[in-house]
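Going down the list, the sequences are from chains A and B. For the first sequence, the residue numbers in my numbering are 1 to 171. For the second sequence, the residue numbers in my numbering are 172 to 351.
Fair warning: there could be bad hints in the mix.
Said to hold, decoys possible - Quick list of in silico lysine to aspartate or glutamate cross-link-like pairs, DMTMM-like style, CA-CA up to 20 angstroms:
hint	chain 1	residue 1	chain 2	residue 2
1	B	K238	B	D216
2	A	K135	B	E311
3	A	K135	B	D272
4	A	K124	B	D229
5	B	K184	A	E90
Calculated directly from the structure, the hints in this document are not laboratory data.
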Amino acid sequence: MAIFSVYVVNKAGGLIYQLDSYAPRAEAEKTFSYPLDLLLKLHDERVLVAFGQRDGIRVGHAVLAINGKDVNGKYTADGKEGSSGIEMLETDTFKLHCFQTLTGIKFVVLADPRQAGIDSLLRKIYEIYSDFALKNPFYSLEMPIRCELFDQNLKLALEVAEKAGTFGPGS
Amino acid sequence: MSRQANRGTESKKMSSELFTLTYGALVTQLCKDYENDEDVNKQLDKMGYNIGVRLIEDFLARSNVGKCHDFRETADVIAKVAFKMYLGITPSITNWSPAGDEFSLILENNPLVDFVELPDNHSSLIYSNLLCGVLRGALEMVQMAVEAKFVQDTLKGDGVTEIRMRFIRRIEDNLPVGEE
């Protein structure tokens, strides 16, 4: 899957939803000496290095900080650091996109750098949030989102976006 | 009433009669529960507020309007986009105060009050007070504290329904990033 994670952050800065689906990807050929310091996973009858796993730890730190913690050569899309909030963070292993609504909710998506159509995916996630989280009368605003329908529809939207967007080597 | 066309493959239509009946059942039940018109008005406002804080996200997600730069823009968006989207009516905006912080929404017809007549023993009931709560809740989520109240009501014999909107202040706590 080319979309690694989706996070939803409320107005106060608390994480109210998290979806991680790291893709094992073989991007480069390297020789290792035993013992390995990378995690190997058997996936689809191929042995792949779960690079995502390692970056995942760093990714996790960066997102939780959201105040510009350094992640191997970062720069914001508009060249200035944190002037109007992070909109896009690019590294060589992933791209982080952030969409902030006028009400202060932030949708953060981590994806493969080659994945296209993330902007429309962010809008779609906003619609899914306004439908399945907000229209559920038992969901309280600003609280963690524990709505099945939200999960299901979000995963569906991610699948659609991946099929439509990426033209790089599939997993 | 129907949902927007970009909602998905199915367009859900619900009869507006069912909506009017549902709202009516709500108000009459509140009247039975609270017995006092003022309390009912307060409850309707609270319920409207809860709807408003959720509806705003749906509105922003579907309508793609950008940030409003002043209260006049806000008024335009409310009347021409929001009311149209949710109630199918376009109220007119009039009676701007000299300072530009108050205006009136004139509703020629109000879908909530189709077929409704107010009896004499409920003369101080603001039947459509839910709408005021919705406006208040929705605008609060985009950092505007406003007051909305009915100043004319066709149910009480006036020619039109008029909602007076007053801008109180900008809400400064919990601002989204980049808005200081």
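We went through each hint and held it up to the structure:
1. B/K238 x B/D216: violated (25 angstroms)
2. A/K135 x B/E311: holds (18 angstroms)
3. A/K135 x B/D272: violated (31 angstroms)
4. A/K124 x B/D229: holds (11 angstroms)
5. B/K184 x A/E90: violated (44 angstroms)
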